[in-house]
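Residue strings, one per chain:
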Amino acid sequence: MKDLAHIYELEKLLQDTYNEAARSAKESGRYAIGSVCAMIPEPLLNLDGCFSVRLRAPGTGSLEMGTYYMTSIMCECARAILERALEGGYGYLDCIFAPDACAQMNRCVENIDKLKLCDNGRFFVTYADVPMKSDETALRHYVRQMKQYVLEPLHERLGIDTSDAALAEAVKRQNRLNRLIMEIGAYRREEKPRITGYEFAVLCLSTFVCPKEYMIPILEETLDELRGREPDAASPYRARVVMAGSEIDDPDFIRLTEEAGAFVAADCYCLGSYPERTPIPFDEKEDALTQICRHYMEQGQCPRFMNTEKIRQRHQYVDALAKEYRADGIIYQQIKFCDYWGYERAYASEVMRGEYGYPVLSIDRPYTAGNAGQLRTRVQAFVESIEIKRLGKKGS
Amino acid sequence: MRYFGGCDAGSTYTKCVILDENGKIAAGVTLKSRIDPVLSAQAALDEAVTQVSDLKDAGELAYLVGTGYGRNKVPFADENISEISCHAMGVHTADPTVKAVIDIGGQDVKGISIDSDGTVLDFAMNDKCAAGTGRFFETMANAFEMPLSEFSKLSLKAKNVIPITAQCTVFAESEVISLVGEGKPMEEIAAGIEMSVAKRCFVMAKKAGAVDCVALTGGCAKNDGLKDAIEKVLKIKVIELDIDPQLMGALGAAEFARRKGMSA
Chain A
1 MKDLAHIYEL EKLLQDTYNE AARSAKESGR YAIGSVCAMI PEPLLNLDGC
51 FSVRLRAPGT GSLEMGTYYM TSIMCECARA ILERALEGGY GYLDCIFAPD
101 ACAQMNRCVE NIDKLKLCDN GRFFVTYADV PMKSDETALR HYVRQMKQYV
151 LEPLHERLGI DTSDAALAEA VKRQNRLNRL IMEIGAYRRE EKPRITGYEF
201 AVLCLSTFVC PKEYMIPILE ETLDELRGRE PDAASPYRAR VVMAGSEIDD
251 PDFIRLTEEA GAFVAADCYC LGSYPERTPI PFDEKEDALT QICRHYMEQG
301 QCPRFMNTEK IRQRHQYVDA LAKEYRADGI IYQQIKFCDY WGYERAYASE
351 VMRGEYGYPV LSIDRPYTAG NAGQLRTRVQ AFVESIEIKR LGKKGS
Chain B
1 MRYFGGCDAG STYTKCVILD ENGKIAAGVT LKSRIDPVLS AQAALDEAVT
51 QVSDLKDAGE LAYLVGTGYG RNKVPFADEN ISEISCHAMG VHTADPTVKA
101 VIDIGGQDVK GISIDSDGTV LDFAMNDKCA AGTGRFFETM ANAFEMPLSE
151 FSKLSLKAKN VIPITAQCTV FAESEVISLV GEGKPMEEIA AGIEMSVAKR
201 CFVMAKKAGA VDCVALTGGC AKNDGLKDAI EKVLKIKVIE LDIDPQLMGA
251 LGAAEFARRK GMSA
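Heads up: the protein sequence lines correspond to chains A and B, in order.
The opening residue of the first sequence carries number 1 in the numbering used here; numbering runs sequentially from there.
The opening residue of the second sequence carries number 1 in the numbering used here; numbering runs sequentially from there.
Calculated directly from the structure, the hints in this document are not laboratory data.
Just so you know, not all the hints are guaranteed correct.
In silico lysine-lysine, DSBU-like type, Cα no more than 35 Å apart, as pairs [to be verified]:
hint, chain 1, residue 1, chain 2, residue 2
1, B, Lys207, A, Lys336
2, A, Lys12, A, Lys133
3, A, Lys323, B, Lys32
4, B, Lys199, A, Lys389
5, B, Lys73, A, Lys192
6, A, Lys336, B, Lys73
7, A, Lys323, B, Lys199
Label pairs and their in silico Cβ distance ranges [said to hold, decoys possible]:
hint, chain 1, residue 1, chain 2, residue 2, range
8, B, Leu156, A, Arg238, 28 to 34 Å
9, B, Glu231, A, Ala320, 43 to 49 Å
10, B, Glu240, A, Glu298, 54 to 60 Å
11, B, Arg259, A, Glu190, 30 to 36 Å
12, A, Glu190, B, Asp46, 40 to 46 Å
13, B, Asp224, A, Glu190, 51 to 57 Å
14, A, Ile311, B, Asp20, 27 to 33 Å
15, B, Glu231, A, Ala103, 40 to 46 Å
Facing chain A, a subset of chain B residues (Cβ under 10 Å, in silico) [claimed, not checked]:
hint, residue
16, Asn22
17, Ile25
18, Arg71
19, Ser82
20, Glu83
21, Ala88
22, Gln107
23, Lys110
24, Gly118
25, Thr119
26, Val120
27, Leu121
28, Asp122
29, Phe123
30, Met125
Don't be surprised by glycine CBs; every beta carbon is placed ideally from N, CA and C.
Using the sequences provided together with the hints, build the complete structure.
What follows is the structure in structure tokens.
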């Protein structure tokens with residue numbers, strides 16, 4: 001297929017922690033807000049006058065400095081982000097809002113704060129408690145926490161308008177972006193898809209690290225382009241998979257998977273499209289913050305939610321995605337030493353294999369995965385096993 | 001008669017097998033890998049072709065499958081298949097009764113369970129670290145200042161096992177040098193080294209569902225001390241294959257090539 005018009009530009013943006021779009025927004029006087037978890041709802045961080053940037057560490061090499069502060073048994077993602085901050089990659093941030101969701105990421109943020117790695121005289125950090133269950137009590141707590149540790153600091157320290165009207169405007173913008181991503185992602189359902197999983201991952205990830213206003217016109221143009229895009233006559237893929245698991249902030253992992261023959265037809269991981277890019281239901285009947293928080297709490301697929309109902313919902317969710325996107329198998333991946341996914345990956349892999357009957361590849365991987373030959377071999381062997389079984393079924 | 005090839009471009013050795021239409025092995029070659037997998041594969045194919053009088057060069061193979069880490073680089077290959085699938089197929093071709101394989105290659109260890117048709121049921125694989133692989137043994141044999149073949153038999157003479165605590169190749173080498181310096185018996189240190197790798201294989205074998213017996217493949221399958229240690233650790237029988245276990249990946253690739261070529 002012909003390259004998408006914006007793909008090169010976005011790939012280039014993703015190579016930098018202070019990308020051109022963020023730089024331009026910052027230079028126009030807006031505040032740059034660091035985000036480390038989906039549980040701090042994006043619309044709260046993208047009110048007029050500010051924009052959010054999800055922290056990541058593209059092109060990570062050695063993790064020596066990060067490991068010195070965090071030890072070698074901590075999550076490589078958290079260490080890599082600290083390493084990048086130590087290298088000066090996040091000096092432009094005005095604040096970071098961290099939820100008490102992942103203790104390892106919070107140690108990373110604490111180090112960024114204590115070591116004054118973003119010391120521009122204004123920088124601050126807050127930590128909010130976020131729910132582990134999904135019910136009305138948890139929702140009330142969640143709303144209070146977001147008010148106290150996100151909206152109030154934004155208003156009091158940075159002068160941001162956090163009124164209901166401002167929140168409604170931010171939700172409107174977010175939903176425009178979310179709908180575009182969902183429409184683009186829907187093309188992956190096609191038998192001969194006109195967009196690759198890699199291209200979609202680049203588009204999707206860009207929406208987490210660039211201001212929304214910058215991304216919306218790009219997505220609109222890309223959607224238009226896709227409407228007329230001709231898929232390759234012969235598909236290079238031998239199987240379709242759902243990619244699930246811990247956060248993927250490096251599209252090269254998706255590229256590696258597709259180069260090994262598995263088309264990433266659907267995704268269910270942090271920084272992907274499901275559930276993070278599903279539009280937020282919003283009306284005038286309830287206050288804006290409660291509606292936003294309800295959406296993030298109910299839609300959240302993070303294994304931090306530990307009540308039985310949510311655990312089952314996660315399996316049902318992946319099953320539904322696999323059916324909708326006609327996946328032949330599921331890849332559960334996690335970054336090494338991820339506390340939550342270490343458990344969830346093992347359990348969900350067994351459930352999806354045993355109870356739902358899907359072929360499952362279950363892998364833990366280094367933070368930077370692009371060139372790992374062994375990962376490529378695992379994915380290829382998984383594809384081959386799916387393919388051979390499929391041929392066997394046809395034959396019998 | 002048509003011929004079908006499998007070329008396993010591994011990190012330390014490159015292997016090539018040629019099968020005839022009946023599945024009989026017409027050629028088998030093992031060469032030390034060079035830095036460029038294209039050159040290694042070309043050399044192995046050229047040598048294998050000399051063993052088949054009907055063939056002049058690798059281009060005359062009816063179908064060729066590349067496997068191993070350099071599988072994308074095998075000249076003339078019609079396709080590439082992962083070494084996991086190829087080792088399963090190779091062992092199935094050599095002995096269809098075997099249901100579990102531990103493949104210890106130059107830079108990785110894999111546990112593979114095999115379905116009744118020779119395809120992969122499940123597998124487990126180590127990550128980037130080379131601990132417990134062929135590289136590990138090479139380093140240890142160097143530390144002992146002896147050839148790998150001699151080192152692999154050394155532990156069989158040991159009355160005791162001196163445990164090696166480090167899994168990392170670099171740390172294990174320094175631990176071994178310290179033990180030698182302390183005057184500990186070489187064969188008992190060697191037994192500790194074999195045991196540490198056998199324990200790593202235990203994890204792979206369990207993940208791959210080995211129950212009553214297992215076959216070893218890859219270059220390390222020729223290590224008698226390791227075979228002995230694996231039987232002790234796993235408490236299951238290690239099956240002796242009639243065909244060189246180091247050729248299993250290439251054999252599986254050639255068998256895939258034969259099936260595809262014959263059905264075309």
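Hint check results:
The hinted pair formed by B:Lys207 and A:Lys336 meets the criterion: a straight-line CA distance of about 18 Å does not exceed 35 Å. For the suggested pair A:Lys12 and A:Lys133, the alpha carbons sit about 39 Å apart, so the restraint of at most 35 Å is broken. A hinted pair counts as satisfied when its Cα atoms are at most 35 Å apart, and A:Lys323 with B:Lys32 does not qualify at roughly 47 Å. A threshold of 35 Å between alpha carbons decides the hint, and for B:Lys199 with A:Lys389 the separation of about 32 Å falls inside it, so the pair holds.
A distance of roughly 28 Å separates the Cα atoms of B:Lys73 and A:Lys192; the hinted pair therefore holds under the 35 Å criterion. At most 35 Å may separate the alpha-carbon atoms for a hinted pair to count; A:Lys336 and B:Lys73 meet this at roughly 30 Å. Straight-line distance between C-alpha atoms of A:Lys323 and B:Lys199 comes to about 40 Å, which puts the hinted pair past the 35 Å bound. Distance hint check for B:Leu156 and A:Arg238: the Cβ-Cβ separation is about 45 Å, which falls outside the suggested range of 28 to 34 Å.
Separated by about 47 Å at the C-beta atoms, B:Glu231 and A:Ala320 satisfy the suggested range of 43 to 49 Å. The given range of 54 to 60 Å is respected by B:Glu240 and A:Glu298, whose C-beta atoms sit roughly 59 Å from each other. Between B:Arg259 and A:Glu190 the beta carbons are some 31 Å apart, a value that agrees with the proposed interval 30 to 36 Å. A C-beta distance of roughly 45 Å is found between A:Glu190 and B:Asp46, which places it inside the suggested range of 40 to 46 Å.
Remark: the range hint 51 to 57 Å for B:Asp224 to A:Glu190 is upheld by a beta-carbon distance near 55 Å. A hinted range of 27 to 33 Å is violated for the C-beta pair A:Ile311 and B:Asp20, which are about 55 Å apart. Roughly 43 Å separates the CB atoms of B:Glu231 and A:Ala103, a value that falls within the hinted 40 to 46 Å. Annotation: interface hint on B:Asn22 violated; nearest CB of chain A at approximately 22 Å, more than 10 Å.
At about 23 Å, the closest approach between the beta carbon of B:Ile25 and any beta carbon in chain A exceeds 10 Å, and the interface hint on this residue is violated. The interface hint given for B:Arg71 is met, as the beta carbon of that residue sits about 9 Å from the closest beta carbon of chain A, less than 10 Å. Because the beta carbon of B:Ser82 sits about 4 Å from the nearest beta carbon in chain A, less than 10 Å, this interface hint is met. For B:Glu83, the interface hint holds, since its Cβ comes within 10 Å of a Cβ in chain A; the closest pair sits about 6 Å apart.
A distance limit of 10 Å between C-beta atoms decides the matter here; for B:Ala88 the minimum to chain A is near 9 Å, and the interface restraint holds. Interface restraint check: B:Gln107 against chain A, minimum CB-CB distance 8 Å, threshold 10 Å, status holds. About 9 Å separates the beta-carbon of B:Lys110 from the nearest beta-carbon of chain A, less than 10 Å, and the hint is met. The interface hint given for B:Gly118 is met, as the beta carbon of that residue sits about 9 Å from the closest beta carbon of chain A, less than 10 Å.
Look at B:Thr119: its Cβ gets to within about 4 Å of chain A, closer than 10 Å, so that hint holds up. Checking B:Val120 against chain A: minimum C-beta separation of about 5 Å stays under 10 Å; hint holds. The closest approach between the C-beta of B:Leu121 and any C-beta of chain A is roughly 8 Å, which is under the 10 Å cut-off, so the hint is satisfied. Annotation: B:Asp122 was flagged as interfacial toward chain A, and the flag holds, the nearest CB pair being 8 Å apart, inside 10 Å.
Among the interface hints, the one on B:Phe123 holds; its C-beta lies about 6 Å from the nearest C-beta in chain A, closer than the 10 Å criterion. Satisfaction of the interface hint for B:Met125 is found here, the shortest Cβ-Cβ separation to chain A being roughly 6 Å, below the 10 Å cut-off.
Violated hints, listed in ascending order, are 2, 3, 7, 8, 14, 16 and 17; each of the other numbered hints is respected by the structure.
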